[in-house]
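Student: Sequence:
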Amino acid sequence: MINKWMKNIRKYKLIIIAVIVFLVLFISLATSMRNNKSGAVQKGGFNIISSISNKFVSIRDSFSGSAKQKEIEQLKAENAKLKTQLIENTISSDNLKQLQALQKSLKFVTDKNSSAFVSADIVAKNSGNYYKTFTISAGSAQGVKTDSIVVNGEGLVGRVYEISKNYCKAISILDNRTPISFEIVGRNNDTGMIMQNTKVVQISDESLVKGYMFDSNSPVKVGEMITTSGLGLYPSGIPIGKIEQVIPDDKNILKYVVVRPFVDFTNLNKVMIFNKIDTES
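So for the sequence shown, this note's numbering puts the first residue at 16; every next one is plus one.
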């Protein structure tokens, strides 16, 4: 019964308020008239009406402001949700690209001269724009060894030079401690060596590598691609880059080359690590 009465009050709340206001106004006017204060009656009436009007405006504005605030909060929540979805979609897209790149790199490590591979993340790097030395989230516990080979979906990244249980440090082919025997694609008897510490050729672009052809009469041309030759540390067939410049030696002893790597050394995330199997042992 009480609940029903309370519901009726809520239902007719505005009507009840209007009736009360009317009664207050009526009583005030009657009191003023009884005291024969006609000017005061008018003034009092206007004051009461103005006061009531102001109260209703205040109530209206309060409800209106509350509604607007609620709408703003809802919009903020929806905006935050959309931002979160956008970030999640971007991360998912980036992860997919990285996984696709790692899948491409598998073709470099399924060779008969390569051991089982480990996929890992690069978690730290040297200062500067280019990845020359960096730390990878895999170590001896995952089968990584000193001189393990590091690749990604674009080609040769570098090699491991220091290991711990769950991490290792690697140097990229941009570092001058990484000599690499290579061959011209399509001419496996036309070979050379990437040697960043070659002082005869000076390059200011840190994203390039330099080296030389073993045969000074090599027909090597700008635009030709090079891969690892299989001599030394690296198995054959891993893409290195494209010849960007050919520089003959003044003494005609060597022919120097400048190479643009296929790997983007300003943006490395996921890599594959594997060991070359020595087929002669």
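FYI, nobody ran anything at the bench for these hints, they're computed from the structure. Certain hints may be false.
Unchecked claim - Here are the computed lysine-lysine pairs in the DSS-like style, where the Cα-Cα straight-line distance is at most 30 angstroms:
(1) K270 - K214
(2) K257 - K236
(3) K266 - K285
(4) K180 - K140
(5) K285 - K140
(6) K180 - K285
(7) K266 - K236
(8) K180 - K214
(9) K236 - K140
(10) K266 - K184
(11) K236 - K184
As the list claims (entries may be wrong) - Simulated restraints, written as ranges between beta carbons of each label pair:
(12) D162 - K91: 50 to 58 angstroms
(13) S219 - P194: 34 to 42 angstroms
(14) N267 - I218: 53 to 61 angstroms
(15) N181 - S251: 26 to 34 angstroms
(16) E88 - E259: 54 to 62 angstroms
(17) D162 - S222: 21 to 29 angstroms
(18) T161 - L90: 54 to 62 angstroms
(19) K140 - Q84: 46 to 54 angstroms
(20) K91 - S222: 40 to 48 angstroms
(21) R275 - L90: 44 to 52 angstroms
Ideal Cβ positions, reconstructed from N, Cα and C, are used throughout, including at glycine.
Student: Could you run down the list of hints and mark each one as holding or not?
Tutor: Hints versus structure:
Annotation: proposed proximity of K270 to K214 holds, straight-line Cα distance about 13 angstroms (limit 30 angstroms). Our distance criterion of 30 angstroms between C-alpha atoms is met by K257 and K236, whose separation comes to about 10 angstroms. For the hint linking K266 to K285, the alpha-carbon distance of about 44 angstroms lies beyond 30 angstroms, and the restraint is violated. A distance of roughly 19 angstroms separates the Cα atoms of K180 and K140; the hinted pair therefore holds under the 30 angstroms criterion.
Only pairs whose Cα atoms come within 30 angstroms are accepted, and K285 paired with K140 is accepted, the gap being roughly 13 angstroms. For the hint linking K180 to K285, the alpha-carbon distance of about 19 angstroms falls within 30 angstroms, and the restraint holds. Note on K266 and K236: the hinted pairing holds, with a Cα-Cα distance of about 20 angstroms set against a maximum of 30 angstroms. Restraint check for K180 and K214: not satisfied, since their Cα atoms lie roughly 37 angstroms apart, outside the 30 angstroms limit.
For the proposed pair K236 and K140, the alpha carbon gap of about 34 angstroms is over 30 angstroms, so the pair is violated. Distance restraint check for K266 and K184: the Cα-Cα separation of roughly 39 angstroms exceeds the 30 angstroms cut-off, and the hinted pair is therefore not satisfied. A C-alpha spacing of about 35 angstroms is found between K236 and K184, which places the hinted pair above 30 angstroms, so the restraint is violated. Taking 50 to 58 angstroms as the suggested C-beta distance range, the pair D162 and K91 conforms, at roughly 55 angstroms.
Against the hinted window of 34 to 42 angstroms, the Cβ-Cβ separation of S219 and P194 comes to about 21 angstroms, which falls outside the hint. At about 22 angstroms, the beta-carbon gap between N267 and I218 misses the expected band of 53 to 61 angstroms. In this structure the supplied range 26 to 34 angstroms holds for N181 paired with S251, their Cβ-Cβ distance being about 31 angstroms. Distance hint for E88 and E259: a CB-CB separation of about 57 angstroms, consistent with the stated range 54 to 62 angstroms.
For the pair D162 and S222, the supplied restraint of 21 to 29 angstroms holds, since their beta-carbon distance comes to about 24 angstroms. A hinted range of 54 to 62 angstroms for the beta carbons of T161 and L90 is consistent with their spacing of about 57 angstroms. For K140 paired with Q84, a C-beta distance near 47 angstroms keeps the hint of 46 to 54 angstroms intact. Checked against the hint of 40 to 48 angstroms, the C-beta distance between K91 and S222 comes to roughly 44 angstroms, which is consistent with it.
At roughly 49 angstroms, the beta carbons of R275 and L90 sit within the given window of 44 to 52 angstroms.
Of the numbered hints given earlier, the model fails hints 3, 8, 9, 10, 11, 13, 14; all others are met.
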